[in-house]
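Line by line, the protein sequences are chains E and R.
Mapped onto our numbering, the consecutive letters of the first sequence carry residue numbers 1332 to 2021.
Mapped onto our numbering, the consecutive letters of the second sequence carry residue numbers 1332 to 2021.
By construction, these hints were calculated from the structure, which means they are not laboratory data.
A couple of the hints might just be wrong.
As the list makes no split between identical chains, a pair holds if one copy fits it or if it spans any two.
As the list claims (entries may be wrong) - Derived pair list, reagent style DMTMM-like, types lysine to aspartate or glutamate, alpha-carbon separation capped at 20 Å:
id, residue 1, residue 2
1, Lys1927, Asp1732
2, Lys1697, Glu1710
3, Lys2009, Asp1906
4, Lys1869, Asp1669
5, Lys1398, Glu1472
6, Lys1860, Asp1709
7, Lys2009, Asp1487
8, Lys1985, Glu1503
9, Lys1927, Glu1880
Protein chains: 2
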Amino acid sequence: MTQVVDRRNGIESAEPAVDVEALGEQLLGRWASVRRQARDLAARPELHKTEGLPHTGHRARVSGQLKYLVENGAVHRAFPSALGGLDDHGGNIAGFEELVVADPSLQIKAGVQWGLFGSAVMHLGTGEHHKQWLPGIMSLEIPGCFAMTETGHGSDVASIATTATYLPETEEFVVHSPFRAAWKDYIGNAAIDGLAAVVFAQLVTTGVNHGVHAFYVDLRDPVTGEFLPGIGGEDDGVKGGLNGIDNGRLHFTHVRIPRTNLLNRYGDVAPDGTYSSPIASPGRRFFTMLGTLVQGRVSLDGAAVAASKVALKAAIQYAAERRQFNASSHTDEEVLLDYQRHQRRLFTRLATTYAAGFAHEQLLQKFDDVFSGAADTDEDRQDLETLAAALKPLSTWHALDTLQECREACGGAGFLIENRFASLRADLDVYATFEGDNTVLLQLVAKRLLADYAREFRSVDFGVLARYVVGQATGVALHRTGLRQVAQFMADSGSVQKAAIALRDEESQRALLTDRVQTMVAETGAALKGSHRLSHEKGAALFNRHQNELIDAARAHAELLQWEAFTEALAGVADPGTKRVLTWLRDLFGLSLIEKNLSWYLMNGRLSMQRGRTVGEYINRLLVKIRPHALDLVDAFGYGDGHVRAAIATGAEKARQDEARAHFRSQRASGQAPVDEKVLLARTAAARKN
Amino acid sequence: MTQVVDRRNGIESAEPAVDVEALGEQLLGRWASVRRQARDLAARPELHKTEGLPHTGHRARVSGQLKYLVENGAVHRAFPSALGGLDDHGGNIAGFEELVVADPSLQIKAGVQWGLFGSAVMHLGTGEHHKQWLPGIMSLEIPGCFAMTETGHGSDVASIATTATYLPETEEFVVHSPFRAAWKDYIGNAAIDGLAAVVFAQLVTTGVNHGVHAFYVDLRDPVTGEFLPGIGGEDDGVKGGLNGIDNGRLHFTHVRIPRTNLLNRYGDVAPDGTYSSPIASPGRRFFTMLGTLVQGRVSLDGAAVAASKVALKAAIQYAAERRQFNASSHTDEEVLLDYQRHQRRLFTRLATTYAAGFAHEQLLQKFDDVFSGAADTDEDRQDLETLAAALKPLSTWHALDTLQECREACGGAGFLIENRFASLRADLDVYATFEGDNTVLLQLVAKRLLADYAREFRSVDFGVLARYVVGQATGVALHRTGLRQVAQFMADSGSVQKAAIALRDEESQRALLTDRVQTMVAETGAALKGSHRLSHEKGAALFNRHQNELIDAARAHAELLQWEAFTEALAGVADPGTKRVLTWLRDLFGLSLIEKNLSWYLMNGRLSMQRGRTVGEYINRLLVKIRPHALDLVDAFGYGDGHVRAAIATGAEKARQDEARAHFRSQRASGQAPVDEKVLLARTAAARKN
């Protein structure tokens, strides 16, 4: 903490200062150099979204931009080094995420080509497949589709109805869509560009359905662009956003493909039709094959954080300049950012963005550990799945909320496309339901929490419980299988009483947040106890009666993960001024969570009425403390004009105010300023009195 | 309540039934016939939004649609009967609101032409103005602008900087924009179509500024479409939505207009420059002139409700059909609408939509009373302003929230433009900040609440307070100046204790909701006591420290108004089955409000911990009760296919499922169905055991 010049008023103060550069470096994280390269690309006009294009023009532009990415070596990091890649999985995702600030359609279309289509060939295929197709996929000679989702089945992939039936006579598979609901739907690259697809279908051979497998299927004649025989489709048309991507539907009518087009890493069919797999359990095999999908969720999590950062930079910059200046006010009035409500609207979201960013960095590291093979057990993969399923819903919903609040905080100007909030929000909208619907993902997390809880307490005795409570009371964050441990709540444990004493204390926040997750899981677990002994229908009905609280518990768990990530990141901050300001921001995040769920803490006796009433007041005090550092905190995100590209965040507002001020000053000096009628009336009234 | 056939399963039950037709009639309200005419128009393809058009094409289409409205006599209801209108102010708004379901751009562009531009000439001008311009405005021969907002001033109209300075020599006003921040901004019809404008400017004559007045200014040559000398502008370009409207900027460089172009109903300038006005107080004069603006807020409130209704009809219809059907399930699984979380997401918003709809009908009646002259005192006008300022923020935010939740509840399909949620949401986004920013409007409401509170207790004695409490305890809703009365809270009053006993009781809900508003206003009032004796700066700072709670109090007040409107509407329901179901829905609305603010009720001792824990449970029970009536409740909105126009709400989903089911049935019957590998493994394992 040093004496610093306050950037608002030039007055020296004892305020702590944020070391913007060092904080920016920390935010860039482990893949800082990749992010810098990707941001350099994302700042180039060639990659920027042209607003107002019809969807046909937007699609053409993004297709061209994909070639630009290839030419600039931006998209091959995850591929094998033997083929010109870098075997760098974490870096690959980091680079993709940053593209969102150029155009979310570009990020997602690149994700379809290399992250889904190419990745499926790489991870589900074997040597020959790699040799045959990866070079063309990498170079964009083969634009392709990831044809999994069907009209009749969104998130329930195991139930897709497309079949691939083996014919030993000709050593071919017959790919077939048996009815309309089995059409592949919402498939990127399907409407126009896709020459081939990885098609997910039920593999049937010798009368047995071996479940969902992936097949490489040529779709279109590369010369004419026409569908090949037996293949048809429809254009999904205009969407609420991401209109640079040609989503479409695909259907297959007895389409024959060679036996060797089965991507056979996890399941193969011999020429005579015999099925074999290195994974005996069909369930585990399915889970393994779908595991490669997790990278989509990871990159959406990161992209959502990036979009939130850009929006907050623009809105906070503008709010720090905009004032309702008028002719009669000789002194400057407050800027928008000085208003308490405005601070509430923007700073709480700034705090959440920091938390989500730190949590994303942890997710990305875990992803890299698994995909690089550094830590690649079944348990690691499950933990990664659960972590991504917990964080992606929160960050994508947060991005939509932040973009909307920033847009409203900038008034009508926020709605102009030149200021980008509305454009980014429209494009990111679907992030909440694709690559796993957010609500469905949170249910997966809830089921995992319940399973962990059940496993832990299968053979429970008092000694174990006692150790649990001690573990918490001393503030030790217990980890198991990548999740914060859940345990039975003890209402009278010391940690909670402590929480009631000082809300701003780190351990108190942790105790309150952890306790809520544990208690919610334990209570739901107790309510569902014995449900496996019920009939399918009754069990489902019991589960349904607790669905809402289960999802709330999963959300509470994910919020705790974000809070823990923020707190762990604080430990890595060296500069004391930065640390102090970031601690306020972390406290704001923690207390906002507690405020949001205050009724729970009160109803369950975790906070007293008196203590509850202090939460809002303390948040208001934190807003005032953070105010002088708000610009530093958004500058540390490291996004420049080429990324923010919002007309209102360029200083234009301040220039207009300076001009207006100069006008009124010169008018007053000239003596030509008209007298206000109200002033005149007051003078007349005063004269009458005398 | 009669024995009815449950539409889901055809089984007779003792469930109450909703009389859809009678409820639909009640929802249409006082202006039912106008709404029917307008809906007939809105269902015509000529008026529908063509999705995916670039903004230039969309603008041209909407311009043409305005002519269609003129030809079909849809937009002249508010104009004088002498000129071919109907002098029907309430009916006029009712008709406009319904246009939102055809295309929100059409609603707003029509609102600019006739509701703002034409209305300003009518309400602010006098006989000669009406004769000269209204016929051309009505016929669309003169497309025009309402040029009030400036870049430098959004909601603060009193501070606009454009001047109109009177020159007695030539009997002209000189209209001038002195600097960039004084440009008119975000003006509908300004970029392309506007031939004239009502320009708001500071009226300066004989060296005195008489404040904001309205002037009729020709903008463009009607033949060439070029700006007239001294006038310039810019196109606002693409926006986040409403791209059928050509918003733009306008600036004036010493533009001379005849003296008689001053719309002089509330202020006039004689040839020699002498100013006169029928309203002595400049403040009251300003308020009166701006009063005509309220109709914009009223119609946005109604349009937001209409859009919410259409969205809920589509999403609930789809959720009642969609199931995750798969080959192995021989019985039908639950549809989405049977899931607790899905019910929470949609039914709570359905309840709020009913409440907002009933509240809107009251607002529209009050509007008609004022504008027809039936009840047109200053106090009536102020009440109308406050009521509109309270309801418009809630309904417009609610529409955005509902459209988004419906879109997510329909998954990726909800994001396709063919299902309209994303399109409507984009168009309605700006409703939250135009015609008065929602946050600013709620602050106006809060100030009014504080003023009423201060006036009531200026000379307070114990007897008055006692009467207040008695008034509440007996459930009498006290009205004064159109607002529910605020009074000091007495924690131990009988009404609150009663509330803790039975949350589903109407009087208990009223007591809890009313008490919260009263207490919040009283507490803030106490905190701000004496602020008028502070310096301007210190007073502002004190106010700012309570800004957040003030806005929360205004919101609580508006929610109470919605709850009261719903409750009053219940009294008008004759059919007992309908009344019972609607009472559940009203309870769901009331309890959702209490749940949202549960921490307040707990912290302030209004609800016990035990009672608090029952709120969520009771909401869950209400969801189950409402489930069988959900389709009836959205059908009662009375919107047909031509209004909903969502591909997923046409029964297509059910048809696809029937086809898939028939396929699997015939496959099983033929004996050709492949055996599932999992089934095979289970059989093998069983065989080994034997």
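These are the hints, each one checked on the structure:
In this assembly of identical chains, Lys1927 and Asp1732 lie within 20 Å of each other by CA distance both inside one copy and across copies; the values are 15 Å within and 18 Å between. Taking identical chains as interchangeable, the C-alpha atoms of Lys1697 and Glu1710 lie at most 20 Å apart only when both belong to the same chain, with a minimum of 12 Å there against 65 Å between chains. For the identical chains of this complex, Lys2009 and Asp1906 are neighbours neither inside a copy (55 Å) nor across copies (58 Å), given an alpha-carbon limit of 20 Å. For a Cα distance limit of 20 Å, the shortest separation of Lys1869 from Asp1669 across copies, 14 Å, qualifies, whereas the shortest one inside one copy, 56 Å, does not.
Within a single copy, Lys1398 and Glu1472 get their C-alpha atoms as close as 10 Å, which meets the 20 Å cut-off; across copies the closest is 51 Å, which misses it. In this assembly of identical chains, Lys1860 and Asp1709 lie within 20 Å of each other by CA distance neither inside one copy nor across copies; the values are 27 Å within and 64 Å between. For the identical chains of this complex, Lys2009 and Asp1487 are inter-copy neighbours only, at 17 Å across copies versus 69 Å inside a copy, given an alpha-carbon limit of 20 Å. Taking the shortest alpha-carbon separations for Lys1985 and Glu1503, neither the intra-copy value of 69 Å nor the inter-copy value of 34 Å comes in at or below 20 Å.
When the C-alpha separation of Lys1927 and Glu1880 is checked against a cutoff of 20 Å, the pair qualifies both within a copy, at 15 Å, and between copies, at 15 Å.
Hint violations for this structure: numbers 3, 6 and 8, all remaining hints satisfied.
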